[in-house]
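Keeping their order, the protein sequence lines are chains A and B.
Quick note on my numbering: the first sequence kicks off at 79 and runs consecutively.
Quick note on my numbering: the second sequence kicks off at 35 and runs consecutively.
Keep in mind the hints are simulated off the structure, nothing from the lab.
Among the clues, some could well be false.
What the hints assert, rightly or not - Listed below are the simulated PhoX-like cross-link pairs for lysine-lysine, each with C-alpha atoms no more than 25 angstroms apart in a straight line:
| # | chain 1 | residue 1 | chain 2 | residue 2 |
| --- | --- | --- | --- | --- |
| 1 | A | Lys472 | B | Lys52 |
| 2 | A | Lys460 | B | Lys272 |
| 3 | A | Lys585 | B | Lys330 |
| 4 | B | Lys218 | A | Lys456 |
| 5 | A | Lys347 | B | Lys218 |
| 6 | A | Lys456 | A | Lys541 |
| 7 | A | Lys487 | A | Lys456 |
| 8 | A | Lys487 | A | Lys541 |
| 9 | B | Lys50 | B | Lys37 |
| 10 | B | Lys37 | A | Lys347 |
| 11 | B | Lys50 | A | Lys555 |
| 12 | A | Lys575 | B | Lys218 |
| 13 | A | Lys590 | B | Lys344 |
| 14 | B | Lys242 | B | Lys218 |
| 15 | B | Lys344 | A | Lys88 |
| 16 | B | Lys50 | B | Lys96 |
| 17 | A | Lys460 | B | Lys52 |
| 18 | A | Lys88 | A | Lys460 |
| 19 | A | Lys590 | B | Lys330 |
| 20 | A | Lys541 | A | Lys555 |
Said to hold, decoys possible - Sample of chain B residues facing chain A (criterion: CB under 10 angstroms; computed from the structure):
| # | residue |
| --- | --- |
| 21 | Lys89 |
| 22 | Glu103 |
| 23 | Leu105 |
| 24 | Asp124 |
| 25 | Ser135 |
| 26 | Asn311 |
| 27 | Tyr312 |
| 28 | Gly324 |
| 29 | Ser342 |
A quick note: this is a predicted structure, and the numbers were derived from the prediction, not measured.
Where a beta carbon is used, it is the ideal one built from N, C-alpha and C, also for glycine.
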Amino acid sequence: MNSRVFRQSKWGEPLIFEMGVEGKVGSIVPKVEEEIREIVGDVESLVPESLLRTNLPQLPMVSEAEVVGHFLRLSQMNYGVNSGRLYPLGSCTMKYNPVINERLASNPRLLSAHPYQDVSTVQGILEILYQLKFWLMELTGMDDMSLQPSAGAHGEFVGNLIIRAYHESRGELGKRTEMIVPDSAHGTNPASAQMAGFDTVTVPSGGDGCIDLEALKEAVSDRTAGLMLTNPNTLGIFESSISKVSEVVHEAGGLLYYDGANFNALLGKCRPGDMGFDIIHINLHKTFSTPHGGGGPGSGPVGVKRFLADFLPVPVVVYDSKRYSLDYNRSHTVGRVRGFYGNTSVLVRAFAYMLSMGFEGLREASELAVLSSNYIAKKIGKVRGLSLPLAHGKPRKHEFVLSASTMAKETGVRALDVAKKILDYGIHAPTVYFPLIVEEALMIEPTETVPLEELDSFVEVLKEISAMAYTRPGEVKEAPKNTAIGRLDEVRAAHPKTFCSSWRRYKSLEEKKGDG
Amino acid sequence: MNKPHPYLPTSAPEIKRKMLEDLDLESVDDLYSDLPETLRCTCSLNIPGPYAESKVREIVEKALEKNEEFLCPPFLGGGVWPHYVPAAVDETVQRAEFLTSYTPYQPEISQGMLQALFEYQSLICELVGLDVVNSSMYDWASALGEAARMASRLTRRNEFIVPALIHPERLQVLRAYAKPAGIKVVQVGYNSETGQTDLEGLAEKTSKNTAAVYIENPSYLGFAEERVNEISEMAHGKGALFVAGVDPLSLGLLRAPGDYGADIVVGEGQPLGNHMNYGGPLLGIFACRGDLSVVKQMPGRIVGLTRSLKEGERGFCITLQTREQHIRRERATSNICTNEALCAVAAAVYLSLLGPRGLRELCEVIVSRSNYAMRRLSEVPGIRTPLFKAFHFKEFTVHLENGRRYREVHEGLLRREIHGGKYLGAEFPQLRETALFCVTESHSKEDIDRLVAALKEVLLE
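My request is simple: use the sequences and hints to build the entire structure.
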């Protein structure tokens, strides 16, 4: 089965700048009407001298045919979940992105709607946003929600601002300066807390990979502003003592923040609102199937319990049973974290996804994500050199973390090498070296949209790689060879003398080389 | 669920059974045995479906039909603008290999996205006249918030000076980003005739506490800030940085901010091939000077050019990652992870299509038409436009005299299937009965003439 051949396209594609030739055009700009030209005259003479651009920007001159070909060939040197076989990137939830959602999001009445149009002229969009917000509140058990944040980390920032504003409203911000974060947390958690002005306090995980209650009790104090937690945690294990965690944090006067990156394991099974979380974010580009776009756009709606509804960013989409509108009247609002109302076209895709799934389908999606993850975890955990550390015998949820430390010790083949070798089979690599509490970590999340045949095939691939590691380790360490390019010199990329992030810098580095 | 679902290949009962047997389990619920009883959802939540694809389409399309359409694009700007998006742009960003990929952390299999982002960075560098551009922020406003924090880190100072006529929403975002970092936002006044920043006021407010001076070009109200050289000198003279916020499209005609001394440039990339989408997704542009000490304080992802280790082939990877949250955690320059990469790819395709002359010509069309609209509107009795004597790019203020209410006039336009400008009186008390209109290449002479005629009619009502 694994002899199935994969060769990624390789085009040796020049930079668009290298394709430019004086005189070529890629588009025709509309003409200025003669009468307008007569009345307005020469545009350059209108521009103040201090601002007139005398040298045109050095953009390439390329025909449309070449531009389209160039970017489509580049796309062929990229790997998407819809075009690839399997994208088991832990924590990123690379599930199939339904194509109908793309068609619906390209509706001209959405594409061409301006955010400052009178609300009376955009009732359709507002209806969708309100409906979506209501369903997300149902699923998460929260009482109100903002659709404004553009990403998960953006939602975390909002959540931390709300925690800050809440303590401020009670006159306690001066002393409540600490945000508690488990050592297994996503990097965005401590970074978001820091951006909101908190000091982070890291609590260690216990032997089962879950938050250590005793350590937590030690960590809380009247300086505690809150705790950020993802559940299931980054090891894919459900934090069963969550109600106790909630008690400890709340008794200390802190608030509980839910990082919804892993919510896709729990749809219809349990709700963060019931676990005691006061504020949550959810990643629509993970749990609700909207495409990641090579890094974005995403969407990270933030939900709160009723006592925090007044702190939400403005405006909030509301409905008075006659018309939909935007509510700017939130007395303790944290303000805004971006322009306008959110990544609307991402929100519309999530809305369509929920209609396609329904409540039962969403629950089924979570269950199958968990089933698929356990199905392969059990098999891969037995592969020579790999192991499932921590929480032995506990079921995983939608993802699990392997350790390749035995393999590394015995063969010199590290988690990174395994990941690179996986690419050679036309399968995307898992997340590596995260969470930090597992040595030589490989974090695997198959999602519910992968057929059984591919799950089985993935297990076989790992067996084959393991066998290779123990017999011909060099071959694994040299991977990948079936991708558009081999391993890259990342040190060179970051070195002060060779750092190059633009064409203009590239040209000047090449010139220097020429001189020397 | 009884029936298999098309998105769920393992939902067929026989397949599921096989997987469960393999795990020695009776039901999937056994995998949730660690959920405390008290936390389990027992009821069915109130979410409709699952629906057939045809029904999903019908529901979404029916809802969107409630959005009103107009005879031409709305005369609205203020941070999102109606511009034409070429078909080649839409085609590129709909490619599944781009659209459905994750952040290119595995460079060997993601060269396409990495090169496209490198080209985006390179194209923006040419526009803004600076050496380093990151691969995107959420939008102009959040990019401005990050710029204030970066300026404060670089200068170890805590005041950020902005114009009084800054976009009010952008100001609100800036404050949300600045406050937790202990940065004070200070506003400087303007000349009421020209809208230009009051340089004497600026001189008074710039001090050894100033981290940076920020200007918007064109400003929120559409006029250009002309005395950029003086402002740059004033900021640098006090050891502060100079930050410029731009509409990148205007840079086909207007000077690159890097050329007039800007250390950091932020802006909104939506006009570069991204649809308005009711305000999102947008594309936050973020550029800075190339000294590595400056770049190391930059937020966001940067794609760099390098070589493959073995064959020495040219290739691309994410670089300077030690600034980022997944490595540096609470000491990262920002928490940003997911960004607006696909919108950046759209911008790269757009700028490649336009080229240097196309961009210049497009600017000329925009300026010609917006200035034509101002001329024609200013001939209408009861209308004063623009309020500020300065060069305007695509937006301009339209003021109603003789006690006429903008709200009423606006509704008169809506009845004629024309969407007028954005009312400014709620944001600036000094701009009562004034609206911000926007004219771009997507408005023809006919559209403008129709607007003028309609306004005349409405004002006579």
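(message) Are any of the numbered hints broken by this structure? If so, which, sorted upward?
(response) The structure breaks hints 2, 4, 5, 11, 12, 16, 18 and 23; every other hint is satisfied.
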